[in-house]
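Chemist: Spelled out, the chains give:
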Amino acid sequence: KVQLFLIFKNSGFLWFRISEDTQQQIIRETFHLVSKRDENVCNFLEGGLLIGGSDNKLIYRHYATLYFVFCVDSSESELGILDLIQVFVETLDKCFENVCELDLIFHVDKVHNILAEMVMGGMVLETNMNEIVTQIDAQNKLEKSETFIFQSPRQDR
Amino acid sequence: MLAGSRPGVGKAATSRRLAPLCSPSPGKSKEAEIKRINKELANIRSKFKGDKALDGYSKKKYVCKLLFIFLLGHDIDFGHMEAVNLLSSNRYTEKQIGYLFISVLVNSNSELIRLINNAIKNDLASRNPTFMGLALHCIANVGSREMAEAFAGEVPKILVAGDTMDSVKQSAALCLLRLYRTSPDLVPMGDWTSRVVHLLNDQHLGVVTAATSLITTLAQKNPEEFKTSVSLAVSRLSRIVTSASTDLQDYTYYFVPAPWLSVKLLRLLQCYPPPEDPAVRGRLTECLETILNKAQEPPKSKKVQHSNAKNAVLFEAISLIIHHDSEPNLLVRACNQLGQFLQHRETNLRYLALESMCTLASSEFSHEAVKTHIDTVINALKTERDVSVRQRAVDLLYAMCDRSNAQQIVAEMLSYLETADYSIREEIVLKVAILAEKYAVDYAWYVDTILNLIRIAGDYVSEEVWYRVIQIVINRDDVQGYAAKTVFEALQAPACHENLVKVGGYILGEFGNLIAGDPRSSPLVQFNLLHSKFHLCSVPTRALLLSTYIKFVNLFPEVKPTIQDVLRGDSQLRNADVELQQRAVEYLRLSTVASTDILATVLEEMPPFPERESSILAKLKKKKGPSTVTDLEDTKRERSVDVNGGPEPAPASASAAVGPSPAVPACCDGLGNNLLLFCSLMSRGVSQPQRAFPKHPRISAGGSEFVCKNNGVLFENQLLQIGLKSEFRQNLGRMFIFYGNKTSTQFLNFTPTPVPRCGLDSLTRTHLNLQTKPVDPTVDGGAQVQQVVNIECVSDFTEAPVLNIQFRYGGTFQNVSVQLPITLNKFFQPTEMSSQDFFQRWKQLSNPQQEVQNIFKAKHPMDTEITKAKIIGFGSALLEEVDPNPANFVGAGIIHTKTSQTGCLLRLEPNLQAQMYRLTLRTSKETVSQRLCELLSQQF
Numbered sequence: 003k004v005q006l007f008l009i010f011k012n013s014g015f016l017w018f019r020i021s022e023d024t025q026q027q028i029i030r031e032t033f034h035l036v037s038k039r040d041e042n043v044c045n046f047l048e049g050g051l052l053i054g055g056s057d058n059k060l061i062y063r064h065y066a067t068l069y070f071v072f073c074v075d076s077s078e079s080e081l082g083i084l085d086l087i088q089v090f091v092e093t094l095d096k097c098f099e100n101v102c103e104l105d106l107i108f109h110v111d112k113v114h115n116i117l118a119e120m121v122m123g124g125m126v127l128e129t130n131m132n133e134i135v136t137q138i139d140a141q142n143k144l145e146k147s148e149t150f151i152f153q154s155p156r157q158d159r
Numbered sequence: 037m038l039a040g041s042r043p044g045v046g047k048a049a050t051s052r053r054l055a056p057l058c059s060p061s062p063g064k065s066k067e068a069e070i071k072r073i074n075k076e077l078a079n080i081r082s083k084f085k086g087d088k089a090l091d092g093y094s095k096k097k098y099v100c101k102l103l104f105i106f107l108l109g110h111d112i113d114f115g116h117m118e119a120v121n122l123l124s125s126n127r128y129t130e131k132q133i134g135y136l137f138i139s140v141l142v143n144s145n146s147e148l149i150r151l152i153n154n155a156i157k158n159d160l161a162s163r164n165p166t167f168m169g170l171a172l173h174c175i176a177n178v179g180s181r182e183m184a185e186a187f188a189g190e191v192p193k194i195l196v197a198g199d200t201m202d203s204v205k206q207s208a209a210l211c212l213l214r215l216y217r218t219s220p221d222l223v224p225m226g227d228w229t230s231r232v233v234h235l236l237n238d239q240h241l242g243v244v245t246a247a248t249s250l251i252t253t254l255a256q257k258n259p260e261e262f263k264t265s266v267s268l269a270v271s272r273l274s275r276i277v278t279s280a281s282t283d284l285q286d287y288t289y290y291f292v293p294a295p296w297l298s299v300k301l302l303r304l305l306q307c308y309p310p311p312e313d314p315a316v317r318g319r320l321t322e323c324l325e326t327i328l329n330k331a332q333e334p335p336k337s338k339k340v341q342h343s344n345a346k347n348a349v350l351f352e353a354i355s356l357i358i359h360h361d362s363e364p365n366l367l368v369r370a371c372n373q374l375g376q377f378l379q380h381r382e383t384n385l386r387y388l389a390l391e392s393m394c395t396l397a398s399s400e401f402s403h404e405a406v407k408t409h410i411d412t413v414i415n416a417l418k419t420e421r422d423v424s425v426r427q428r429a430v431d432l433l434y435a436m437c438d439r440s441n442a443q444q445i446v447a448e449m450l451s452y453l454e455t456a457d458y459s460i461r462e463e464i465v466l467k468v469a470i471l472a473e474k475y476a477v478d479y480a481w482y483v484d485t486i487l488n489l490i491r492i493a494g495d496y497v498s499e500e501v502w503y504r505v506i507q508i509v510i511n512r513d514d515v516q517g518y519a520a521k522t523v524f525e526a527l528q529a530p531a532c533h534e535n536l537v538k539v540g541g542y543i544l545g546e547f548g549n550l551i552a553g554d555p556r557s558s559p560l561v562q563f564n565l566l567h568s569k570f571h572l573c574s575v576p577t578r579a580l581l582l583s584t585y586i587k588f589v590n591l592f593p594e595v596k597p598t599i600q601d602v603l604r605g606d607s608q609l610r611n612a613d614v615e616l617q618q619r620a621v622e623y624l625r626l627s628t629v630a631s632t633d634i635l636a637t638v639l640e641e642m643p644p645f646p647e648r649e650s651s652i653l654a655k656l657k658k659k660k661g662p663s664t665v666t667d668l669e670d671t672k673r674e675r676s677v678d679v680n681g682g683p684e685p686a687p688a689s690a691s692a693a694v695g696p697s698p699a700v701p702a703c704c705d706g707l708g709n710n711l712l713l714f715c716s717l718m719s720r721g722v723s724q725p726q727r728a729f730p731k732h733p734r735i736s737a738g739g740s741e742f743v744c745k746n747n748g749v750l751f752e753n754q755l756l757q758i759g760l761k762s763e764f765r766q767n768l769g770r771m772f773i774f775y776g777n778k779t780s781t782q783f784l785n786f787t788p789t790p791v792p793r794c795g796l797d798s799l800t801r802t803h804l805n806l807q808t809k810p811v812d813p814t815v816d817g818g819a820q821v822q823q824v825v826n827i828e829c830v831s832d833f834t835e836a837p838v839l840n841i842q843f844r845y846g847g848t849f850q851n852v853s854v855q856l857p858i859t860l861n862k863f864f865q866p867t868e869m870s871s872q873d874f875f876q877r878w879k880q881l882s883n884p885q886q887e888v889q890n891i892f893k894a895k896h897p898m899d900t901e902i903t904k905a906k907i908i909g910f911g912s913a914l915l916e917e918v919d920p921n922p923a924n925f926v927g928a929g930i931i932h933t934k935t936s937q938t939g940c941l942l943r944l945e946p947n948l949q950a951q952m953y954r955l956t957l958r959t960s961k962e963t964v965s966q967r968l969c970e971l972l973s974q975q976f
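Those protein sequences? They're chains V and W, same order as listed.
The numbering used here numbers the first residue of the first sequence as 3 and each following residue consecutively.
The numbering used here numbers the first residue of the second sequence as 37 and each following residue consecutively.
The following block holds chain W by itself, in its conformation from the complex:
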């Protein structure tokens, strides 16, 4: 069937040659299709490159073919120039294909853009409405910044000019809207704004619709300037609503007068509070009442289009009523209307009704009215066939929940969870957890609910949820005994979820003594129960259980020998996992050497956590966006959570953030990401169960080892090893990072990103510039990939950058964050000088701010040669025979940054008898002295 046989439709030429390209079932032979297309592309290319100049018609034909091939889903990388040539044609058909091609295949070549803009400029000035329309469409479709720069001044003029045709006005309004959306700064506000508002009175409803869209967007950003649009919009709306269905002729759609315009006007009004002028307000209320009344009238047509259009307006009116939230009468009517829709046979209406009711539930006038529909909503949750609708029902239940119905709603959500779609489980879990906590009168109920959650959907219970239950149990004396008893019972189940083991392990470790009196849950029984799960658990959970065991040693001296035996076992003391091994070693040692008193102090019961708002809320918000958490109270609270700690990682202490630090205790979600978790805990500002051993002595493996050397292994866990090689010169440096995959499985989506992490003033200044290229996202098992980071030090800094690594291993996402050992002293350039020079400069830097001194105990044996090597490694020159006391060490150098050079003098005085050092730094800059002193003090 050739299109040529239908002359009325359009010219056949472009289509006839396309016909063979598209066999009726193109999916059948993909290969043949590709072959055919490649042949055609080669043909077109040769035509374009040929010596013979193509006439406009052929050019158009080939450009059109390219477009078609592109729309079939193939890449097109030529033909732009030919398309641009078509723009300057006087023939509509050629011009139109040219514009179409440009709009669909936008190209950022600047020369091309200049030519396109020129053609557009000519067409805009042509006064030919068809050409102007094409040009405006092109601007709107491309909408790039370059286009905005070129036309943001011109388009408003066309829009408000008295002699512009209606169709052009319509296009100009939307074109301007598009430019304003992409580059608001380039669209100048001016005289035209007031004239645009008056377009709301235009005769042509198409113009009014386009203008309303434009004004709505502008008014959101500049409410003052467009305030006058409110009364105009109300009167326009009123005229539409009260018109007979025939008045608006073409704009009546299935007996509904101008539904799209009505919707747009109602949206515009949602940018403003209720009108202050009583007359306008009265008129608007009348409109809204009329719309609500019409919903009750019998339909004028049985067609679904009629009810769709009518309800589109109705839903928008209800949105406005909810937005104003000021007329109790209207709110209740809206609620009743939505209630009817909840049971409507049209799925779309049930969906929308649930959605609207969600916002209605947060109004104090209608909250009670919404609650009356609880049974219908619960029923929807159980019977709806469509997951979209069930999701809305969950949202609404969450929104309508309060103290009076919390138990019912939580129970219903829990039972729904058993069969819920996997895609929405995590969200339901969060919602249940939040509601259970928020409306818990009885904390026993709360504990039961959360344990049920873990039982039903353990995999979807995020860390936040089980951290929270532990926080609450620790803070509430009245529930601790119950919690211990309940987890003990829950752990009896032959197969229980690992999250339950975590909660159980933690709670029994803290409060196991409360149920130890009962012989059925004697200390030994508790221990055996927990230990029976031990070997089935992941490393983080096992680490947590080890901590529980040492707490048992303190709580129940009678099980101490049993536990020591376990710790002494090869599977603990010689565990391949560093973290587990270290815990076993340290706990075993602690249990042997420490006196009962010390043990009791170290393993004292956890102090209550500071009352903070739930981190689960923040999580839900992050997942769903703020709009879904509709409760007013929640919204307020969430804001405060944001203030307390946004996603920015707060600077963690150096020892905590570097390397595979054993200072980070247990219970994290996956292997090797202890670190990130710890950092994120710090940043969230929420205390977590991790604080279990605040006083417990731990060896701190600092990244401080890299202060005086440039190469070595930065990080290692079971999966990944990170090695470093680096070189620095003046204010520049280069670091080679080697990532080794220790497993035999591929890492996927492997993305390491070094990010500078500066102090408080990082918002205004960059101290370090890091440049790097992404590495290959797949790392084969056993393979190593390399990443080069170029470093520029702009000014002196304190915080070392962080290396964030994400990858997929097996089925899970892994996150690792380590501090990159780029410290200020790396930009040291040694300076040799004589004794005389040294002391002269030393005296010049005698201002108290320039000197920083630190007296500290030696952490390592005080060996002269090692000390010398360290000072040289630190980067400064080691000046021999300068200090009158030969036991002292003296160094000098210059710190190079892009913005300044800072001379530094240092003096280290060891006191062998006291095993102490005194370190003095003098530089011309206080922050530099401070930082260098900190860095160097860690080394001895």
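In isolation and in its complexed conformation, chain V is listed as follows:
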């Protein structure tokens, strides 16, 4: 089960999170644990009580300036989750056409949707990238059609 998912920048700024437990403490700990690690060490990390119990592990990947961190319990395969992060990033890349940091922050809702297609209530839902992209495309189409019916956004200030 996925307990926590975070994306943060090298500087420690939190970009994104889903978790049942919104304790800032755990998020801070996670950042400290992960960010001080060297490159080329392993991608798994036990934080014990700091991250909510000895059954939990942090599994993370570092892409350019961003860390993608999952906190999962022992019912998940470590390498499986590592691949899941890769699928997530590849999917972002497809949906945003060459994803960059700003895409993530300007489209929080979109990122959330993509993640929701992969992980649901903490459980891995779909791992097939094409399937995910198809779903997201369908959603985009729906949105577009609604925007079309609805009128264009106005300035409100």
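The set of hints was computed from the structure by calculation and includes no laboratory data.
It is possible that part of the hints are untrue.
Unchecked claim - Label-pair distances were calculated between CB atoms; the ranges are: (1) W/Gln332 - V/Asn132: 27 to 33 Å; (2) W/Thr264 - V/Asn132: 30 to 36 Å; (3) V/Thr67 - W/Ser271: 45 to 51 Å.
Since the structure is predicted, the reported quantities are computational estimates derived from the model, not experimental observations.
Positions of the beta carbon are idealized from the N, C-alpha and C atoms, including for glycine.
Position chain W relative to chain V; hints supplied.
Modeler: Coordinates of chain W only, in the frame set by chain V:
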């Protein structure tokens, strides 16, 4: 850069207004960010409160902004209602933002939940797969009990309905899994279970993956119901494993066919023993062999994703092989495979290999094979750059240790300890201590190892470890001389750890005579050596050393004058510490008045400790969880340790558990927590060196003083003073507890918790209800804080509640436990009655169970007025001129509890000549008579 410039991605409106909120480097000016956000929040609030009804679009926009602000890490406490309104919109975009907001910012307002549930119900019934998906996601993300109550019946129907779309099925499966995890009792098992199992055959691999997750969890709790899933899972797995990498098309990930599904299926199979049906079993073995074979094939891609996915499946297959633990051939192959990984250049693989090998080491088929990798593992311990990996290496060394390699492994762990990360030192210390004890052929080696441990990592050597070495030395005649000699030598070091002083002090006190023949370690030399450390030690250690000195008085009469001089010194006799002072006074007195015979009896050598299992194991288990202690034998033993004494404190004797009792001897870890330690020793059921003076006379400061009064000082040590004020009426009471910080430093995390501690039947009944509010966690130096405890007596009870206090003082955690003087007699209501009434009732209560009598010697001067005051203080009425003998005392009253009222009569007959009392209690309830008699007898 505005998102609006990319029409293909989505609508820009929500994002454009957010753009100013997130400057590219938001960390730069936190203040500006907060200011900006507060402004925005005020704006949104005014829009929501405004007279003009917002259209769906604006509502969506503002809800989305709130969500974004929340995700930036700020608290959001409004907007829920607007989000709920969006749920009933027909527009996908609005509905979706509504659901997203609800899922992320869960609110427990019941009215809101009712509205949300209604919206979800409508969407589930809508037959629109997109809406159904949104609703299911929301249920799964929130997963609250209320949601389970509302939808646990509905979701299984959607899952197994023939016309449900694949994507909805997938969501329904995981949604159900989530509900089952949070509220298993609300998910009804039924017809749907067998149909769920058949989802393993579904065409759509996404559905199969989700269903496998669901079935795995369900099968863990209901293995019988889902037994049929085994053969289905095996055949599915077999089809995947043998498929060409192109067969599964989209579900092939970097040339590996459906890796996630394979992993899930292998996990599911780990819920069951090896399949009984030979055909299924054969097929599974084939699959596992194929997976192992594939690992040896050259990679189809150089990408790390390819090897990751392939190895994810491989590791899971190995886990299954280890779980089945039945095919020696597969086990050995698995072990060899892991052996290859141990030297792989990928750190992740080395980590996982060490982890898997740990479980493999406990299988009898592969234990020997694992042992062949010992050099690699030791090398990993020395060279790995990553502490996570080194930690795994320590675990594996521990798991592969047996009699044949114990000396090597212990030596390696000891040398690693010198440079180990602080975070894992304590655990290594425990492991070394356990291995040294378990595989000690030669106890001299054991003693050396433990002393080395203390030398290298004294701060991390917990009490359990040094208690244990003393227990073992005391129980083994053959090692006592060696131990005495070794500690004597170790103590020569100019700076030695306090734990060494403790062990040394204890062992020399018991066995110093064994080396006293050598002039280099004559009694006086031993004493001077120990005493040279005395002033550097903490109070508990000094207390222990004082005990050692009195033992020396017995062992070596020639040093008696020297020791008496030390005891007589101002720094002992007038020590500010009560415990030290009392020891000095008592020991000095003992050494002067007692004859050699008495001294020899009192200070006799410690009898052997009963052979119990090591408490260190229990400690390790507590620290790491049972899974890490992999040795089968250990696991069995640990269970028995649990049975002997769990964490529940067993009722300690009243005198031992109350107040700053000097009856608790030395050697505890910090100031003022003697008490807790003592209680925990009792509860652990492990005899400790504390038993040093079983026959030594000690003044027992009981909490019994509070039986007849309600106010006073309950507890005091160097740090803390606890005062009490209490009042009782009928079955209710209120107690004011005052905590005074005697130091000039703050106490942090100050948490006092009163807990009822009842007898054996406390599991089924509560006798006392205690209610209190937490106090301010910081107590300034010199300050006092107050805590009010409301007490309700439900039924009569024997055990007084305990007050546990934890706080941080300086750098260390302090623990104090004291008995709260809430005794049954506090709920006494006095009753006046005439002589005639009294004797009439007295006769009515003549049933032998109703009477309890105690004849005892007076402990205090037999003063009539004091006795009267005590009886009144006890709570009963004092009836004058009732007893024909005016020297006797007679009392009456009613004990009020919530469940009953018990009338009580008491009679106290003093015998001045014999300095004895006879106390008789008659009540309608045996337990009440018993308890009151006990309580009152202590008073005279």
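Chemist: For each hint, tell me whether it holds in the structure or not.
Modeler: Evaluated hints:
1. W/Gln332 - V/Asn132: 27 to 33 Å: 31 Å Cβ-Cβ, so the 27 to 33 Å window holds.
2. W/Thr264 - V/Asn132: 30 to 36 Å: The hint (30 to 36 Å, Cβ to Cβ) holds, given that threonine 264 of chain W and asparagine 132 of chain V are roughly 32 Å apart.
3. V/Thr67 - W/Ser271: 45 to 51 Å: holds, 46 Å
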